[in-house]
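Engineer: Here is what each chain is made of, one letter per residue.
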Amino acid sequence: MDKPIITFTTDFAVQSHEIGIMESVVLEINPKAHVIHLMHGLPDFNLSYAARVMETACYIPNGYHVCVVDPGVGTKRKPIIIETVKGNFLIGPDNGVLIPATRFLGGIKKAVEITNKKYMKHPVSNIFHGRDIFAPAAAYLSKKIKIGSFGRNLDIKELAKAPYEEAEIKNSKIDAKIISINKFGSFHINVAHKIWDKFDVRLGTMVSLSFNGQSLNVAYAKTFGDVEKGKPLIMKDEFGRVEVALNQDSFAGKYQIKIGDNILIRRLLK
Amino acid sequence: MDKPIITFTTDFAVQSHEIGIMESVVLEINPKAHVIHLMHGLPDFNLSYAARVMETACYIPNGYHVCVVDPGVGTKRKPIIIETVKGNFLIGPDNGVLIPATRFLGGIKKAVEITNKKYMKHPVSNIFHGRDIFAPAAAYLSKKIKIGSFGRNLDIKELAKAPYEEAEIKNSKIDAKIISINKFGSFHINVAHKIWDKFDVRLGTMVSLSFNGQSLNVAYAKTFGDVEKGKPLIMKDEFGRVEVALNQDSFAGKYQIKIGDNILIRRLLK
Amino acid sequence: MDKPIITFTTDFAVQSHEIGIMESVVLEINPKAHVIHLMHGLPDFNLSYAARVMETACYIPNGYHVCVVDPGVGTKRKPIIIETVKGNFLIGPDNGVLIPATRFLGGIKKAVEITNKKYMKHPVSNIFHGRDIFAPAAAYLSKKIKIGSFGRNLDIKELAKAPYEEAEIKNSKIDAKIISINKFGSFHINVAHKIWDKFDVRLGTMVSLSFNGQSLNVAYAKTFGDVEKGKPLIMKDEFGRVEVALNQDSFAGKYQIKIGDNILIRRLLK
Numbered sequence: 007m008d009k010p011i012i013t014f015t016t017d018f019a020v021q022s023h024e025i026g027i028m029e030s031v032v033l034e035i036n037p038k039a040h041v042i043h044l045m046h047g048l049p050d051f052n053l054s055y056a057a058r059v060m061e062t063a064c065y066i067p068n069g070y071h072v073c074v075v076d077p078g079v080g081t082k083r084k085p086i087i088i089e090t091v092k093g094n095f096l097i098g099p100d101n102g103v104l105i106p107a108t109r110f111l112g113g114i115k116k117a118v119e120i121t122n123k124k125y126m127k128h129p130v131s132n133i134f135h136g137r138d139i140f141a142p143a144a145a146y147l148s149k150k151i152k153i154g155s156f157g158r159n160l161d162i163k164e165l166a167k168a169p170y171e172e173a174e175i176k177n178s179k180i181d182a183k184i185i186s187i188n189k190f191g192s193f194h195i196n197v198a199h200k201i202w203d204k205f206d207v208r209l210g211t212m213v214s215l216s217f218n219g220q221s222l223n224v225a226y227a228k229t230f231g232d233v234e235k236g237k238p239l240i241m242k243d244e245f246g247r248v249e250v251a252l253n254q255d256s257f258a259g260k261y262q263i264k265i266g267d268n269i270l271i272r273r274l275l276k
Numbered sequence: 007m008d009k010p011i012i013t014f015t016t017d018f019a020v021q022s023h024e025i026g027i028m029e030s031v032v033l034e035i036n037p038k039a040h041v042i043h044l045m046h047g048l049p050d051f052n053l054s055y056a057a058r059v060m061e062t063a064c065y066i067p068n069g070y071h072v073c074v075v076d077p078g079v080g081t082k083r084k085p086i087i088i089e090t091v092k093g094n095f096l097i098g099p100d101n102g103v104l105i106p107a108t109r110f111l112g113g114i115k116k117a118v119e120i121t122n123k124k125y126m127k128h129p130v131s132n133i134f135h136g137r138d139i140f141a142p143a144a145a146y147l148s149k150k151i152k153i154g155s156f157g158r159n160l161d162i163k164e165l166a167k168a169p170y171e172e173a174e175i176k177n178s179k180i181d182a183k184i185i186s187i188n189k190f191g192s193f194h195i196n197v198a199h200k201i202w203d204k205f206d207v208r209l210g211t212m213v214s215l216s217f218n219g220q221s222l223n224v225a226y227a228k229t230f231g232d233v234e235k236g237k238p239l240i241m242k243d244e245f246g247r248v249e250v251a252l253n254q255d256s257f258a259g260k261y262q263i264k265i266g267d268n269i270l271i272r273r274l275l276k
Numbered sequence: 007m008d009k010p011i012i013t014f015t016t017d018f019a020v021q022s023h024e025i026g027i028m029e030s031v032v033l034e035i036n037p038k039a040h041v042i043h044l045m046h047g048l049p050d051f052n053l054s055y056a057a058r059v060m061e062t063a064c065y066i067p068n069g070y071h072v073c074v075v076d077p078g079v080g081t082k083r084k085p086i087i088i089e090t091v092k093g094n095f096l097i098g099p100d101n102g103v104l105i106p107a108t109r110f111l112g113g114i115k116k117a118v119e120i121t122n123k124k125y126m127k128h129p130v131s132n133i134f135h136g137r138d139i140f141a142p143a144a145a146y147l148s149k150k151i152k153i154g155s156f157g158r159n160l161d162i163k164e165l166a167k168a169p170y171e172e173a174e175i176k177n178s179k180i181d182a183k184i185i186s187i188n189k190f191g192s193f194h195i196n197v198a199h200k201i202w203d204k205f206d207v208r209l210g211t212m213v214s215l216s217f218n219g220q221s222l223n224v225a226y227a228k229t230f231g232d233v234e235k236g237k238p239l240i241m242k243d244e245f246g247r248v249e250v251a252l253n254q255d256s257f258a259g260k261y262q263i264k265i266g267d268n269i270l271i272r273r274l275l276k
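Chains as they are written, first to last, in the numbering used here: chain A, 7 to 276; chain B, 7 to 276; chain C, 7 to 276.
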C-alpha cells in the first residue's frame, strides 16, 4: 500500500499537543504514512469505550491502529503489538483494550511484546509510551518491519483480558452491558449483529429493556426517524453492534445511563 | 487540481471515530484527496450553525464540502449534491443545511439526488449516510466523476428550505436572527457585509440592539480591542457576516443568547 | 525537507471552521506542507497555557509553529516571526506567547515584524490574522522564503515579555507557577528538568507542596502507577517540565488549582 493509514485512539484531550506530537513522530519515521485521528477525548482511563472505538477500526482495510488509554504506563504492563487474522495491526498497552477489536478482525494471529529499543523514540518517557513506543511501532510496521523484530512472542493466554465479553442469548434473554455512550446520548452494547439476528425480533415490534431498576419497552427500528421525536428505539448500528437511542434526544441523559451498566433485553409476548 | 480538498462538517463529537472512518473512506476512493475537518462537535441537529459553517467553506477554492447534520438519516429525506455557480460541490442531506452556502458561492447551478449505488459504500447503513453516501460522493466527485452520474436532477424548488433567510433593511431597521455562537460567546447574524454596508453606520458610532426583551447600545468597531475589555461591539466578521461580541468576554454567556433568537438593529440618532 | 510540518496552536474551538480554513490557506500556498493541529480549544486568551504548548513544539524538528491566542488582534500589537537558534520558526502575535518556546530551542536568532503584504492573504481581516497573516507566513517560510522578506528586524528587547519566567532554586526552595492543566487534572509548572535535577530530590522520597493556603506532601516518582490510585505525585514530565498529578484522578479538581497559581516546593527533612 502506497499510503498506509495509522490511526490514533486516546483519552487525551481532543486536539491536544500529545497527539499532535505523536503525529509528527509517525511522519518523521514514515513520511508516506497518513495519520487518522480515530478518536480522542475518551473518558479518562475508560478501557471499555476505547475498546469499542478500536473495534470500528476494522472498517479501515490494512490499517495500523494505536490505542493510548494507558493508566499503567511506565509500570510492568507490557507494550504490545497484535497482528489479526485479517492483517491489521493493533498497538497499545497490554490492558485488554485491544482484544475486542480482534473479534471483528478474524482473531489474533500473533502477539509480541515491544522490547526492541531500535524501534522506539529516545529518550523513552516513563509516562508517554504513545509518543515513544506505540507511535514509532506503528510507523515502523507501516514500513513493513516484521512484527517479530519488535520483541518476543506472547502466548494469547498471557494477554490481559478484554474490558467486556460478547453477550449471548440465554433463556430467550440477552444480559448485556453498555460499552460506550456517544455525544448524542445514544449507547452501544456488547451485542454483535449476528447475535441480534439470532435473537430474531421482528422490525417494528417492541422489546423490553431493564436497567438500573427501570424497565422500558422500545421499538426495534431501522433508524431514528422510524419513531416519533423523543421516543426510544433499539437498532443495529453502523459498526456491528446494537444501539439504543431516543430520536433527536439523549437516552443516556434522560435515564442516567453510565458505561458499564447492565441491561437486560427481553422479547415481548405478542 | 492535484490535491483536491474535501471538507467535513458534522454534529458528531470532535475527533470521534465516525469522522475518522469517513476520512478513511475518502482515502480509499481517492488517495490524492486531502480531508479538512472543517467543523465537528456542532450542537446536536442544529441546522442553523451547520449552515453557517458551510458558508465559510467558500473560502476554499474548488472544494468538495460534506455536511452531516442529519436527524432524518434513513428516512425519506434525500441525499443530495449541489453544484454552485462558482464551481464548488456541497454534499449532504436535503434538509436545507446546504442552501445558505450557495448564496456565497454564486447560487445553485445544478442539484441531484444521490441514488446511484455504484458510488456508495456497501452495505449502506440506515443511520450513517456520512460514511456510506456523502463521503464516497465527495471522493468520487473529486476524481471528476460527473454530478449527473449520481442520480436524477432536482428542481431547485423541490429542495428543502434553508434554516434562515437573509435579513434585509426595512424602515431603517434590520430584523435579524442569531445563526451561530462560537466558543468565545460571540455570535453571528444573518446579515451579510453588503447589507451592513448599505445600513451605513459610521465606524465608532453606536447602534441599538434589542433581543430577548433587553436593549443595548454597542459600538460599531473594526476589532475587539477597539472597545474596553468587557465592553460590547458589533463588527464585520472575517467570513462575510456581522458579529456581536464582548472584548475578551462572552456576550452569549452574559446575555443568555441562543441560536435562533431574534435581534433588532437600529441606528441611534446623533 | 520534502514535507515541511506546520503546526497550529489556538484558543479556537477544537475542530472549528477557523482552523479548518487556516489549513486550507496553507495548502493553497504550499501543497507539500503538512499541517499538524498541535492544540486547539485552549482556555480563551490564556497566554500561559498556549506558551507551554508552543514549548512542546520543539519535539518537531524543523517545524513552522503558528500560535493564534491573540486578544489584541487588529490593534497595534505586531504580527511577528521568531527564528530560533535550533532553526525552528515561531509565528504569531507579539504578546509574549512565543517566548518560552525559544528557551527550549536554543534562544532567539532573529525576530521580524510581518509587514510585507505580498505574503498575506487579502483582504486582511481585522479580527483573524491567523488566516490572513500567520498561516500564510508559515506556508511561505516552509517554501523557503527568507525571514528577512517579511518585514523589518525587531530588537529582542522590543518583544513583549513572556507570560512566565523560569523558576529557580532559592534558599533550597522553588517558588514556581502553574502554567498549564491538562484534561486529566494534572498540571505543569515553570520548572525545567535541569532545575529539578539540581534540586536533587531522591526518587521515592517526599517533597512538600504549598499552594492556595494548603500544604501537601507528595512522592517524587517516575510515573503515575508508582503511587497508589488516587495518591499525589510529582515527576519529570515528557516535555521538559515538572508535573504534579494524582494517579488516575484529578489533582486540579480535588485541590481547585488554576493556571497562574503559585506553588512553593520544599524538600522534607529526612
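Don't take each hint at face value.
As the list makes no split between identical chains, a pair holds if one copy fits it or if it spans any two.
Below, computed lysine-lysine pairings styled on DSS-like, alpha-carbon distance capped at 30 Å [as the list claims (entries may be wrong)]: (1) LYS123 with LYS176; (2) LYS200 with LYS124; (3) LYS92 with LYS237; (4) LYS38 with LYS127; (5) LYS179 with LYS260; (6) LYS179 with LYS149; (7) LYS82 with LYS242; (8) LYS82 with LYS176; (9) LYS204 with LYS235; (10) LYS150 with LYS38; (11) LYS260 with LYS92; (12) LYS82 with LYS200; (13) LYS200 with LYS149; (14) LYS124 with LYS149; (15) LYS260 with LYS9; (16) LYS237 with LYS115.
Since the hints were made in silico from the structure, they are not lab data.
Engineer: Evaluate each hint against the coordinates.
Structural biologist: For each hint, the structure was consulted:
1. LYS123 with LYS176: The answer is neither: 48 Å in one copy and 39 Å across copies each exceed 30 Å.
2. LYS200 with LYS124: between (43 Å within a copy, 26 Å between copies)
3. LYS92 with LYS237: neither (39 Å within a copy, 42 Å between copies)
4. LYS38 with LYS127: This pair counts as both: shortest intra-copy Cα distance 18 Å, inter-copy 25 Å.
5. LYS179 with LYS260: Classified as within: same-chain Cα gap 24 Å, cross-chain 42 Å, threshold 30 Å.
6. LYS179 with LYS149: For LYS179 and LYS149, the Cα distance exceeds 30 Å both inside one copy (47 Å) and across copies (49 Å).
7. LYS82 with LYS242: Answer is between: at 19 Å across copies they meet the 30 Å cutoff, but 39 Å inside does not.
8. LYS82 with LYS176: neither (38 Å within a copy, 37 Å between copies)
9. LYS204 with LYS235: Result: close within a single copy only, 29 Å intra versus 42 Å inter.
10. LYS150 with LYS38: both (12 Å within a copy, 22 Å between copies)
11. LYS260 with LYS92: Intra 40 Å, inter 45 Å, cutoff 30 Å: neither.
12. LYS82 with LYS200: Intra 37 Å, inter 27 Å, cutoff 30 Å: inter-copy only.
13. LYS200 with LYS149: Neither. Shortest intra-copy (36 Å) and inter-copy (36 Å) distances fail the 30 Å Cα cut-off.
14. LYS124 with LYS149: within (14 Å within a copy, 33 Å between copies)
15. LYS260 with LYS9: Answer is neither; intra-copy 44 Å and inter-copy 45 Å both fail.
16. LYS237 with LYS115: neither (43 Å within a copy, 39 Å between copies)
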